[in-house]
Amino acid sequence: MAKRNTNWDENKLKRWIQEGRGQGEGKEYKPWLTIQDYPSMGRATRIFGWTTQRIHHFFSDSQLKYFYLLDWEEKVVDIREHYPLLDLETVLEDTADLKLDKFIDKKTKEPYILTTTFLITLLNPDGQKNFAARSIKYASELSKKTTIEKLEIERRYWTAKGINWGIVTNKDINDVRAKNIEWIHSAMTSDDCNGLSKDDFDELLDALLYRLIDNQQNIRKIISEFEKDYSLDAGVGLLLFKHLIAGKRIALDMDKPINLNESGSSLRLPEISGKGGHEVAKVYS
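First residue of the sequence shown? That's 0 in numbering that gives the first Met the number 0, and the numbers climb one at a time after it.
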């Protein structure tokens with residue numbers, strides 16, 4: 000297998016721009032970096048986003064976990080990962096004290112295009128959009144001089160743009176919440192009704208919801224008995240349960256591990272429908 004060419008030059012820059020990388024919004028956005036481009040730090044992942052209805056690319060577990068938090072939030076209406084600072088030197092009038100010369104290809108001397116991990120679009124209660132930029136780093140990276148210098152460039156760039164910017168480390172991410180969202184995420188994005196018609200699947204969702212609420216049996220047993228009563232294949236009941244959570248028809252404390260051994264009476268109907276909002280204040284303040 001031929002070795003991937005990771006050199007950076009003017010031709011590659013032009014090609015990536017022509018490909019539309021770093022451009023578009025929502026479903027049409029193309030990240031500047033994809034997992035095919037560079038070796039990753041940690042677990043490289045491609046995952047379909049609920050909010051954007053497109054595939055996202057991540058280079059670490061921390062990026063993926065933070066994405067789960069974003070994809071769950073009601074206020075988040077767009078998530079653009081690996082957003083390029085293409086107009087960096089135009090936006091920053093004075094770069095004399097920034098170490099931009101560190102971020103160039105050693106062979107070609109072409110400056111790299113710096114990126115911010117996430118550019119997030121949020122919808123305010125009044126219907127107005129605003130933006131937040133977040134750089135995801137492992138806490139251990141913050142002791143590295145080069146990392147700090149790059150983050151300072153990002154900070155100045157987004158400040159000049161008038162956009163809220165911040166650093167999020169692995170220590171800042173709510174792992175329990177992220178793991179819960181990961182557990183139901185396939186249900187959030189899947190149209191698979193397990194061979195059933197949409198109408199039949201929706202009727203089963205209603206029936207399981209009715210059986211769960213105020214039931215003193217544990218959730219696992221309720222689901223198992225439901226599958227037997229409706230002659231469903233093993234696993235269909237759990238899929239339905241995930242759909243109920245993903246669709247916010249069941250309200251859970253997502254900051255506690257989802258426990259199938261709890262009773263159905265521990266579940267509650269949501270007071271307000273939506274994708275949630277608990278984490279927003281923590282993530283963007």
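Certain hints may be false.
[Claimed, not checked] List time: in silico DSSO-like cross-link candidates among lysine-lysine, alpha-carbon distance up to 27 Å:
#1 Lys-26 / Lys-128
#2 Lys-13 / Lys-128
#3 Lys-144 / Lys-197
#4 Lys-170 / Lys-220
#5 Lys-105 / Lys-128
#6 Lys-106 / Lys-11
In short, the hints are calculated from the structure, not lab data.
Bear in mind that the values here come from a model prediction, so they are computed numbers and not experimental data.
We went through each hint and held it up to the structure:
Annotation: proposed proximity of Lys-26 to Lys-128 holds, straight-line Cα distance about 17 Å (limit 27 Å). For the suggested pair Lys-13 and Lys-128, the alpha carbons sit about 31 Å apart, so the restraint of at most 27 Å is broken. A C-alpha spacing of about 55 Å is found between Lys-144 and Lys-197, which places the hinted pair above 27 Å, so the restraint is violated. Straight-line distance between C-alpha atoms of Lys-170 and Lys-220 comes to about 36 Å, which puts the hinted pair past the 27 Å bound.
About 40 Å separates the Cα atoms of Lys-105 and Lys-128, which puts this hinted pair outside 27 Å; it is violated. The hinted pair formed by Lys-106 and Lys-11 meets the criterion: a straight-line CA distance of about 14 Å does not exceed 27 Å.
Violated hints for the displayed structure, listed by number in ascending order: 2, 3, 4 and 5.
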